[in-house]
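> Chain residues, written in single-letter form:
2 protein chains.
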Amino acid sequence: MLTLFHSPLLPGCRKIRLMLKEKNLPHQLKVEDFWLRRFEFFALNPAGDVPVLLTEKNQPIVSAYAIAEYLDETFPEVQFFGNSPNERAEVRRLVDWFDGKFDREVTQLVLFEKLYKRLMGYGEPSSEAIRAGKKNILYHLDYIAHLLSSRNWLAGEYLTLADISAAAPLSSLDYLGDVPWEQYPSVKEWYALIKCRPAFRELLEDRVQGFRPPDHYTDPDF
Amino acid sequence: MLTLFHSPLLPGCRKIRLMLKEKNLPHQLKVEDFWLRRFEFFALNPAGDVPVLLTEKNQPIVSAYAIAEYLDETFPEVQFFGNSPNERAEVRRLVDWFDGKFDREVTQLVLFEKLYKRLMGYGEPSSEAIRAGKKNILYHLDYIAHLLSSRNWLAGEYLTLADISAAAPLSSLDYLGDVPWEQYPSVKEWYALIKCRPAFRELLEDRVQGFRPPDHYTDPDF
Numbered sequence: 001m002l003t004l005f006h007s008p009l010l011p012g013c014r015k016i017r018l019m020l021k022e023k024n025l026p027h028q029l030k031v032e033d034f035w036l037r038r039f040e041f042f043a044l045n046p047a048g049d050v051p052v053l054l055t056e057k058n059q060p061i062v063s064a065y066a067i068a069e070y071l072d073e074t075f076p077e078v079q080f081f082g083n084s085p086n087e088r089a090e091v092r093r094l095v096d097w098f099d100g101k102f103d104r105e106v107t108q109l110v111l112f113e114k115l116y117k118r119l120m121g122y123g124e125p126s127s128e129a130i131r132a133g134k135k136n137i138l139y140h141l142d143y144i145a146h147l148l149s150s151r152n153w154l155a156g157e158y159l160t161l162a163d164i165s166a167a168a169p170l171s172s173l174d175y176l177g178d179v180p181w182e183q184y185p186s187v188k189e190w191y192a193l194i195k196c197r198p199a200f201r202e203l204l205e206d207r208v209q210g211f212r213p214p215d216h217y218t219d220p221d222f
Numbered sequence: 001m002l003t004l005f006h007s008p009l010l011p012g013c014r015k016i017r018l019m020l021k022e023k024n025l026p027h028q029l030k031v032e033d034f035w036l037r038r039f040e041f042f043a044l045n046p047a048g049d050v051p052v053l054l055t056e057k058n059q060p061i062v063s064a065y066a067i068a069e070y071l072d073e074t075f076p077e078v079q080f081f082g083n084s085p086n087e088r089a090e091v092r093r094l095v096d097w098f099d100g101k102f103d104r105e106v107t108q109l110v111l112f113e114k115l116y117k118r119l120m121g122y123g124e125p126s127s128e129a130i131r132a133g134k135k136n137i138l139y140h141l142d143y144i145a146h147l148l149s150s151r152n153w154l155a156g157e158y159l160t161l162a163d164i165s166a167a168a169p170l171s172s173l174d175y176l177g178d179v180p181w182e183q184y185p186s187v188k189e190w191y192a193l194i195k196c197r198p199a200f201r202e203l204l205e206d207r208v209q210g211f212r213p214p215d216h217y218t219d220p221d222f
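Protein chains in written order, with this note's numbering: chain Y, 1 to 222; chain V, 1 to 222.
It is worth saying that the hints were derived from the structure and are not from the lab. Do not take every clue at face value.
Intra- or inter-copy, both count: the list cannot distinguish identical chains.
What the hints assert, rightly or not - As a list, the in silico SDA-like pairs of lysine to any residue whose alpha-carbon atoms are at most 25 Å apart:
| hint | residue 1 | residue 2 |
| --- | --- | --- |
| 1 | K117 | A129 |
| 2 | K134 | Q108 |
| 3 | K135 | P185 |
| 4 | K21 | M120 |
| 5 | K134 | P46 |
| 6 | K23 | K134 |
| 7 | K134 | R197 |
These figures come from a predicted structure and were not determined experimentally.
Kindly generate the complete structure, drawing on both the sequences and the hints.
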């Protein structure tokens, strides 16, 4: 069976969990508090971060990028990257947008400051950083709304890793009540469709001690 | 013909230029000063950054991630990702290491502060950030030396995108004289092998106004 080392609210980990479930791949989950720098975990991943997937042959696949590509190559029955080089390029452009740009401009400033900094014992959150992240998210939600004005899903006419890469950090930020859904009805509608998928519902059951999500967090009709 | 919009010292762009040359793909280069936020360029890439590859059909392929995968899929004669899912996972793990971890811990702190900040008119470099980046690079060079202690190339027995993803930022930092080669003889030897490849030599001819590289920068026997 596959084993995923993860951290419940980290977007890169949520994304891989969603892929594993959508692909119907039996797997076990192990929470890894990577900031404790556990020796055995460093042997699997010298970079020390999550996600790490252990294959059935105990081969570690390291980083959300490598795992996502590996899963689509190795278990191609349900595809997440599109059907042609151009389609895949569009999916990967958006994956890069959310894993890179969105992560730097929003996730690191809000989720890291508010939640991981406390879990990791890195001191007080910076209210300036949080303010900047909450301002930046509006621009990203505008961009998602712009994509949805001409497409059913972010990269085109069907669900791909682009949607999952966007929904994963949004779900973590929503846990903190930091997504202004009401201002973005088309984005809310798109997210509601993802939210009611069985793969996603399970993930929304996770709780982090000391942080209680808002009431609408698990509600598909939010 | 393919067209690459790039910035001469940006590692993500150098990496794609190296791939294009190693794959013998005819292409033209266009320098894009992305911080000027040129309207026509934003139409190609709403994220506003480089590299962007225009295909022969004028389709923009956006981000180093999407371009690298696209080039290997579309022009597979010379492969950069390895021959099996496990090999590709190892290459991608290291690509992620250099594009993500190395970029955050070294490139952003040294190259951005010293060079791009001035080009972009973003004020004075932070000497604290530069000091941190120059300290961090030692740990990364240690890790490269560790890999080379059991392998000919970073991901195994032949040159892959892992080597190119490491050599690209190292070459940009070397332009600034910020790679302590003498302390890492095996890393120096590996870099010398890459440096004497025709694809790499051309790239080392680029100059950025106001910044002069050290004498050893273009010398294959440095």
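> Are the hints correct? Go through all of them and say.
Each hint tested on the structure:
{"no.": "1", "hint": "K117 x A129", "in the structure": "both (12 Å within a copy, 20 Å between copies)"}
{"no.": "2", "hint": "K134 x Q108", "in the structure": "both (11 Å within a copy, 23 Å between copies)"}
{"no.": "3", "hint": "K135 x P185", "in the structure": "within (18 Å within a copy, 47 Å between copies)"}
{"no.": "4", "hint": "K21 x M120", "in the structure": "neither (28 Å within a copy, 44 Å between copies)"}
{"no.": "5", "hint": "K134 x P46", "in the structure": "between (33 Å within a copy, 20 Å between copies)"}
{"no.": "6", "hint": "K23 x K134", "in the structure": "neither (33 Å within a copy, 43 Å between copies)"}
{"no.": "7", "hint": "K134 x R197", "in the structure": "neither (27 Å within a copy, 47 Å between copies)"}
In this structure, the hints that do not hold are numbers 4, 6, 7, in rising order.
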